[in-house]
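Those protein sequence lines, which keep their order, are chains A and B. Take the first sequence: its letter number 160 is residue 160 in the numbering used here, and every next letter is one higher. Take the second sequence: its letter number 25 is residue 25 in the numbering used here, and every next letter is one higher.
Hints were generated in silico from the structure; no laboratory data involved. Just so you know, even glycine gets a beta-carbon here, dropped at the ideal spot from N, CA and C. There's no promise every hint is true.
Claimed, not checked - Keeping only pairs whose Cα atoms sit at most 16 angstroms apart, straight-line, the calculated EDC-like set for lysine to aspartate or glutamate is:
id : chain 1 : residue 1 : chain 2 : residue 2
1  : B       : K276      : A       : E218
2  : B       : K453      : A       : D122
3  : B       : K422      : A       : D105
4  : B       : K174      : B       : D317
Claimed, not checked - Some chain B residues close to chain A (C-beta under 10 angstroms, calculated; not the full set):
id : residue
5  : F117
6  : L271
7  : E274
8  : A418
9  : A425
10 : D433
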Amino acid sequence: MRSADRGRAGPGAAGPGSADSGRAGPAPTGARGDGPGLTDAGFANSGAADSGRAGPALAAPPAIGRDPTGLGVARAVGFVAPALLLIGLFLVFPALWTLYIGITDYQLTGPAAASPSVVGADNFTTALDDPLFTNSLWLTALFVLGSAVVGQNALGFALAWLLRRVRPGLRRTAEGFVLLAWILPGPVVAYLWFAVLSRDGGTLGLLLDRPGTAWLVEYPMACLVVFNTWRGTAFSMLLYTSALAVVPPSHLETARLAGAGGWQTVRDVVFPHIRGHVLTNTLLISLWTANDFTPFLLTAGGPNHGSEVLPVLIYRQALEGGRLGYASAVSALLLLGNLVVALVYLRLLRRRA
Amino acid sequence: MRRTTVVLLSVAGLLAGCLGQDREADPTRNADAKDITLTLTANAVAGGKNAAGAEWITNWVIPRFTEAQRAKGVNATVRFEQNGAGDEDYKTKVALDFKTGGGGDVVELDGIWLGEFAQAGHVKPLDEVVGGAEVDAWDGWGRIPDAVQGLGEFEGRRYGVPMGTDGRVLFYNKELFARAGLPTDWQPRSWDDVLATATRLKALPGVWPLQLNAGTAMGEATTMQGVLPALAGTGALVHDNGKWQGATAAVKDVLGLYQRIYRDGLGDPVLQQEAKGRERSFELFAEDRIGILLEGDYFWRSVVEPRNGVAKMADRDTTVGWALIPARAPGTGVGGQDFVSMSGGGVRVVNPNTRYPGQAWEFLRFLNSAEAVKSSLSGRAQITQRTDVNEEVLAGDPMLGFVAQRVLPITRYRPGLADYPKVSAALQQATADVVAGRSPDDAARSYQEALVKAVGEDSVAVG
Chain A
1 MRSADRGRAG PGAAGPGSAD SGRAGPAPTG ARGDGPGLTD AGFANSGAAD
51 SGRAGPALAA PPAIGRDPTG LGVARAVGFV APALLLIGLF LVFPALWTLY
101 IGITDYQLTG PAAASPSVVG ADNFTTALDD PLFTNSLWLT ALFVLGSAVV
151 GQNALGFALA WLLRRVRPGL RRTAEGFVLL AWILPGPVVA YLWFAVLSRD
201 GGTLGLLLDR PGTAWLVEYP MACLVVFNTW RGTAFSMLLY TSALAVVPPS
251 HLETARLAGA GGWQTVRDVV FPHIRGHVLT NTLLISLWTA NDFTPFLLTA
301 GGPNHGSEVL PVLIYRQALE GGRLGYASAV SALLLLGNLV VALVYLRLLR
351 RRA
Chain B
1 MRRTTVVLLS VAGLLAGCLG QDREADPTRN ADAKDITLTL TANAVAGGKN
51 AAGAEWITNW VIPRFTEAQR AKGVNATVRF EQNGAGDEDY KTKVALDFKT
101 GGGGDVVELD GIWLGEFAQA GHVKPLDEVV GGAEVDAWDG WGRIPDAVQG
151 LGEFEGRRYG VPMGTDGRVL FYNKELFARA GLPTDWQPRS WDDVLATATR
201 LKALPGVWPL QLNAGTAMGE ATTMQGVLPA LAGTGALVHD NGKWQGATAA
251 VKDVLGLYQR IYRDGLGDPV LQQEAKGRER SFELFAEDRI GILLEGDYFW
301 RSVVEPRNGV AKMADRDTTV GWALIPARAP GTGVGGQDFV SMSGGGVRVV
351 NPNTRYPGQA WEFLRFLNSA EAVKSSLSGR AQITQRTDVN EEVLAGDPML
401 GFVAQRVLPI TRYRPGLADY PKVSAALQQA TADVVAGRSP DDAARSYQEA
451 LVKAVGEDSV AVG
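Take the sequences, apply the hints, and build the full model.
Here's what the structure looks like:
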């Protein structure tokens, strides 16, 4: 959207080479953020040159008609059919299958495995009445709020903000380490964390001079929140790093001249610019965290269901308990929860637009 | 649209394929095949879980069996599907295999799963799969005691051949006993005896006197190595006269025992709640940091075993002692016994979906021949299914000889019913509640509720 605007704004509003085009409207200010190393002195000229070059490529929008590609309906369907088939097979069918299983008493073994019967909404009402389910729901909310909405967001933004003026070499190194937490395989990471949190000579116990503390047993949810914040921060950091590039330096400069402090600048200058990014980021990391199974590797849901977030509950009910029907109903409820969260965010995003 | 029809048809096909498939077993299928492929599925893996078993299958079973088949003019290929998973995960995998019509031709199962698998139609009686006459003709049955054969039976029909059995005892650390001034030749007569000894051990720094498996993290180990032996000590069986033990006096007694152990500082409550608590308890025992541990003879054979154990004890033979599990008080055990135990064991079944039922049965007989069973031990002692092999191999191992002579006559087996895993899970939860600090009465009340929900009020005994 933004580059198309710029393309049209360039030649249309002022014409290539015009010294005014740099100041013509909001669009070129966006262009300015995209180009690294632009100084204020060179701004007017290079901004104009950019928009001039972008102009012709997008100047003639494609004619919009009933058959924009000129393929004909049959061939167009032929082109999208493989994609639709894959989506149907790997996304739509499993989802429908989960819903179907969720209304049966399907089990892995025993008589109900041989001839499952449809029990309607029983599984759903059982779940809503099950203290284990409400426990998991609450823990999942805690997990998402603590580690995604607050933890990853805050830490990711802080890193992006602090690293923005650091020497590139140092910044890349720091970013590399943060990324490492994100890209290492879950079991490897879980193993490392066991070593840190172990009751016998674990690093954390030694550092805090509290040897013999079973962190994962005594503070399971706190451990999971810290763990997931640590593990998932890379995404927020990367997203905010690029988001911060859209904040016009002139605004920051103005804020600085007006005597705004760091926090004031972030709140009144930076945040309004990146609000969309914040919402998108929060939506994504919330959904990922809500569906995250890594807690199982650390605590297996224990002690005594103390860290049994919904994905772990689903796994334990389905595979350890063999109650596939019930677990499917719970995962359908989790899906519903995801949809509600997504809708709320989309609402917020639209209000901004 | 046509495309919609195709999609709907394929979805319907998948649905049908996933649910209602029930193939007829045909014992004569491929009876004369000259080229056969058989797969053996076991929860054993080279360099990992049950490594010795995996090695035996790879280096002894497969070459010997193929050789024997070649002598008969049959070109046999035997594959070994290795697994190195936790018991519950392995069970899930095998159940899914059976459900989708796959899986090995001969599959190793825990005997306790047989009932659920049979009711689900995953496994079928041997006479249906390979033919009644064929099964009865095997001379090996005469070598397997009836109680052990029961491991492979469900509702009076044979589903598989047992792979051996085991027994549970109290293992104790003689060195710690000596340090605490206790006799190293120990045999408690009652629960109070055990607790009194544990209280003496408490004087040793850095030592937990007694661990009795508890909680949900340990899964079936809690039931088998904790609740059920204790329950048997009160004179009750978990399933009796068609009913499961609800919040009965016996169950409350057992939970009371847990409370005395974990709330009086005799056992480590945190350990029971850790995700890998059982493995940890093995390590701690091997490090002389646990005094008394209730475990099966597996602990002796594969855990503290000096050469190949997962928590090796170089001085196992001199340091580790064993004693019968006492009833709550003399004579209060199940059947009026003074001492009690629980046993289990594995079973090998023939997959009803096998393409070569006759050959799979032949393979199964081969696996259970005296020669094969003896070779599977490769010098180590273990209680096998065959009496002829046991007489030979157990003589050299005092601990296993003890189990065979003293424990097996008084032991009990778990009920092979499909509801058992749910009851077991509820019992695990009840012990977890007590360890976490709830009172036995309170935990028993929740247990009763969970049980009624799981198996129905009519199947629960109270009072």
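Against the structure, the hints come out as follows:
1. B:K276 / A:E218: Given pair K276 of chain B, E218 of chain A holds - Cα atoms ~15 angstroms apart, limit 16 angstroms.
2. B:K453 / A:D122: holds, 13 angstroms
3. B:K422 / A:D105: Distance of about 15 angstroms is within 16 angstroms: holds.
4. B:K174 / B:D317: holds, 10 angstroms
5. F117: holds, 6 angstroms
6. L271: holds, 8 angstroms
7. E274: For E274 of chain B, the interface hint holds, since the closest Cβ of chain A sits about 6 angstroms away, which is under 10 angstroms.
8. A418: Since chain A brings a Cβ to about 4 angstroms from A418 of chain B, closer than 10 angstroms, the hint holds.
9. A425: holds, 7 angstroms
10. D433: Holds - the Cβ of D433 of chain B comes within 10 angstroms of chain A, reaching about 7 angstroms at its closest.
In this structure, every one of the numbered hints holds.
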